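J.: Residue numbers (our numbering), protein chains in the order written: chain W, 2 to 248; chain B, 2 to 320; chain P, 6 to 295.
None of these hints come from the bench; they were simulated from the model. Treat each hint with caution, since some may be false.
[What the hints assert, rightly or not] Derived CB-CB ranges, DEER-like:
(1) W/R60 <-> P/H41: 39 to 47 Å
(2) P/F60 <-> W/G14: 17 to 25 Å
(3) W/L15 <-> B/Y105: 51 to 59 Å
(4) W/M195 <-> B/V291: 54 to 62 Å
(5) P/P194 <-> W/P168: 36 to 44 Å
(6) W/A24 <-> B/Y105: 20 to 28 Å
(7) B/Y105 <-> W/V138: 29 to 37 Å
(8) B/D25 <-> P/P78: 32 to 40 Å
(9) P/I75 <-> W/R135: 46 to 54 Å
(10) W/H193 <-> P/P194: 34 to 42 Å
(11) W/L15 <-> P/Q168: 48 to 56 Å
(12) W/P70 <-> P/R177: 47 to 55 Å
(13) W/S11 <-> P/F121: 56 to 64 Å
These figures come from a predicted structure and were not determined experimentally. Every residue, glycine too, gets a C-beta built ideally from N, C-alpha and C.
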Amino acid sequence: MLEVRDLSKSFGGLRAVAHVGFAVAEGEIAALIGPNGAGKSTLFGLISGFIRPDAGHIRFEGRDITGLPAHRIAALGLVRTFQITQPFAHLTVRENIAVGAHLRLGGRRDALRHAAQVARRVGLDGRLDQPAARLTVAGRKRLELARALATDPRLLLLDEVMAGLNPREIDEIVGMIRAIRDGGVTILLTEHVMRAVMQLSDRTLVLNDGQLIAEGAPRDIAADPRVIEAYLGAGAARAYVGEAAHG
Amino acid sequence: MRGGAGIILVLAVLLPLPWLLHSDFWLNFAIMALYYGFLGQAWNILGGFGGQFSFGHAAFFGTGAYTSAVLQLRLGVDPWLCLALAAVTGGLVGALVGALSFRYGLRGSYFALVTLAFAEVFRILADSAEFTGAGVGLQIPLKQTAANFQFPDKAGFYFVILGLTALGLAIAWWLENSRTGARLMAVRENEDAARALGVDVIRTKLIAITLSGALMGLGGTFYVQYFLYIDPTIAYGPAVSVSALLVPIVGGLGTAFGPLLGAVALQFVNQLAQATMGSAIGLNLVVYGVILVLMIMYMPNGLFGLARVSARRLAGRTG
Amino acid sequence: MNELGILLPAILNGVTTGAVYALVALGLTLIYGVLHIINFAHGSLLMVALYGVYFLYALFGVDPYLAFPIIVPLMFALGYGLQRYVIGKAGHGKDENIMLVTLGLSIIIENLALFFWTSNTRTINTSYGFSTVDFGVAFIAVPKVVAFVGAVIIAGLLWLVMQRTDLGKAIRALAKEPRGAQLVGISAPHVYAMSFGIGVACLGAAACLLLPSYYASPQIGHAFVLIAFTIVVLGGMGSFGGALLGGLIIGVTESLGGLFLGESLGKIGIFLIFIAVLLLRPTGLFGQRA
Chain W
2 MLEVRDLSKS FGGLRAVAHV GFAVAEGEIA ALIGPNGAGK STLFGLISGF IRPDAGHIRF
62 EGRDITGLPA HRIAALGLVR TFQITQPFAH LTVRENIAVG AHLRLGGRRD ALRHAAQVAR
122 RVGLDGRLDQ PAARLTVAGR KRLELARALA TDPRLLLLDE VMAGLNPREI DEIVGMIRAI
182 RDGGVTILLT EHVMRAVMQL SDRTLVLNDG QLIAEGAPRD IAADPRVIEA YLGAGAARAY
242 VGEAAHG
Chain B
2 MRGGAGIILV LAVLLPLPWL LHSDFWLNFA IMALYYGFLG QAWNILGGFG GQFSFGHAAF
62 FGTGAYTSAV LQLRLGVDPW LCLALAAVTG GLVGALVGAL SFRYGLRGSY FALVTLAFAE
122 VFRILADSAE FTGAGVGLQI PLKQTAANFQ FPDKAGFYFV ILGLTALGLA IAWWLENSRT
182 GARLMAVREN EDAARALGVD VIRTKLIAIT LSGALMGLGG TFYVQYFLYI DPTIAYGPAV
242 SVSALLVPIV GGLGTAFGPL LGAVALQFVN QLAQATMGSA IGLNLVVYGV ILVLMIMYMP
302 NGLFGLARVS ARRLAGRTG
Chain P
6 MNELGILLPA ILNGVTTGAV YALVALGLTL IYGVLHIINF AHGSLLMVAL YGVYFLYALF
66 GVDPYLAFPI IVPLMFALGY GLQRYVIGKA GHGKDENIML VTLGLSIIIE NLALFFWTSN
126 TRTINTSYGF STVDFGVAFI AVPKVVAFVG AVIIAGLLWL VMQRTDLGKA IRALAKEPRG
186 AQLVGISAPH VYAMSFGIGV ACLGAAACLL LPSYYASPQI GHAFVLIAFT IVVLGGMGSF
246 GGALLGGLII GVTESLGGLF LGESLGKIGI FLIFIAVLLL RPTGLFGQRA
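One chain only, chain W, in its complex shape (with noise of 0.2 Å):
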């Protein structure tokens, strides 16, 4: 479904993301996991078309979507939220969901009935008339997931959707990802929150100063040592596997 191929991106002297090439099959849940600053949300960015690549392609169901602005992307079904939450303000909780509706449907009636539908998904029906300023931290998570669902995506891009919400809103949000990927929906999410990762996903793929150094199922990237060491610095892994064997 994505297939990324040698994607590279500097800002001035840093480069962000070099020579990265990884693939996404259709209805799996695929993670991107890597310490602070690896680049994940660069590349997020790179895939969804908010930044542009100095060098590599990007294919997605076939198609080149390189260089593609962003709402071309979207519109072609790869949809990505924010890390930090990005409301409609001033804007309903039902309205903000109605913008992503529009994507597919021309007539505001409509959109706003979709808009309800998707909200019931997310448990955000209660708020429906609210202004999205008044949300909290999970409901406004949770609007993100909805006006990116109302867009009746392909593939979605999560950026962090977990951060900042507590064990059980973690659970509850783990229990919708799972829905939407049963749904028909292939996901690709970028976490902290190992758990949550653990739980869900199909692939891991670990990304760390600007480079892929791992990819797999969960449990074999947790005892991967690349993988321990560029969370925990050189030689840790050395220490943990010493410890794993004498403990």
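With the hints as your guide, set chains B and P onto chain W.
T.: Frame of chain W; chains B and P shown alone:
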């Protein structure tokens, strides 16, 4: 769909006004209130609904005004046709300014400044060109027939501006109940989020500024027909730009009735100022300035926002 | 050969006019260029300063060049007060609000001036008002030469303040990272007000240097506001040297424009440049890329 009934009601109330008001003074008051309300509604489309604050809306107004005046005087074009043509030229200038500004990503103060610069460029051009009468301006000869878009009875002008007001309200209603309007407001709130949902931000803003420019062009024509005179300062000077933005800010940005409310309120303030301070040049404008500052400080949602809050409190809902 | 004889004086004149424009723009460079306070009242504040210098001369016989110690602190206080108690309060931190508040202030100031002082232009006649300096290619009026020198000095002083003083550091910190600056104890309302005050004080200095070769009238602010913003953006937001250079460029543009297109049409060059800069290179000549 919301708001439609309210608009019909307001228009119905305004329709018989010339027969209810027996004084020329109040009829003129009503005409001026509706006129400024219309200009404000034009600005409101780009500034209130779209969130792009233009400080140079005179560029569109003046172009419409001069289109009307020049075509009538130099080419003998029918004044009513000029009304339509002024909307076209106003819209074209809007599209031009928008195409340049939005394609280059101008927002916030940069956008305000570039619109100011465009208005000034037009003013200088009008001031220097022969066919616009240069600094002296243009005067439309008096010929008060309806066919000539001049009315011996003020009521004629009242109905024209009422018609334009209806047009403005219809467009505002459309923005509140359509996909284009929803996208425009999304762009106002958060451009990146809108983009991520498939909204073509540049195209949406372009639609808004073209519409806004066309309406200002209509307003310019009305001015020319009502006052029978236009010059570069009236057409492209800061007075029109300021009036156009002051009205919806006072009345309520991004609402259909805000500009009308704001215009009526400001007309009252204007008359009050003239009555108490006489014809002291400048003082009534000082009052406008003070109102603007106070509104931004204490009532950024304008009178309409205040009305909404009060209505909610009356209905007993808290928070 | 003949062309040069007309061009050179025009350019030289443009340079001195440009220095005057730069003087006005220097304060705005600090206010808008550094701190992004969109001050639409800049022109009307200049007008107030001009009237201040005028009345000091007309009523008390104080020579404009000697009025510095009175006008500059007064204008500083005015600027500080306006930012601290009006603009800062009403702005709620949003660009659009600040634009509108300063616009409102400019309307108030201009029309109060119109009411109190009428629309008659006020000029002063100083002993040196008509003396000229011989530059070989042209004679330039003494006040204009003084204004040029004054502009360079003030630009230098501003640069020193920004680079060498604690206040300057605080201003730069606030401009770069408002939250972080406040976290380390910089009082945002106070520093913004100090900057605004300094910017307006520059207008006071500009007025002292301007009046001998210019005039005061309530509408004069209009002409200067747009030109000042043009210079600030052209020079590169926040660069004082850039504002100087930008002022010179604008002055020469106006002068040459007037030469080739006539007095009124000639001014169009300035605004076309402004539009071009805003569209194509909004960081200006010396500004940093955002």
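J.: Determine which of the earlier numbered hints do not hold for this structure and return their numbers in increasing order.
T.: Hint check: 2, 3, 6, 8, 11 and 12 fail, others pass.
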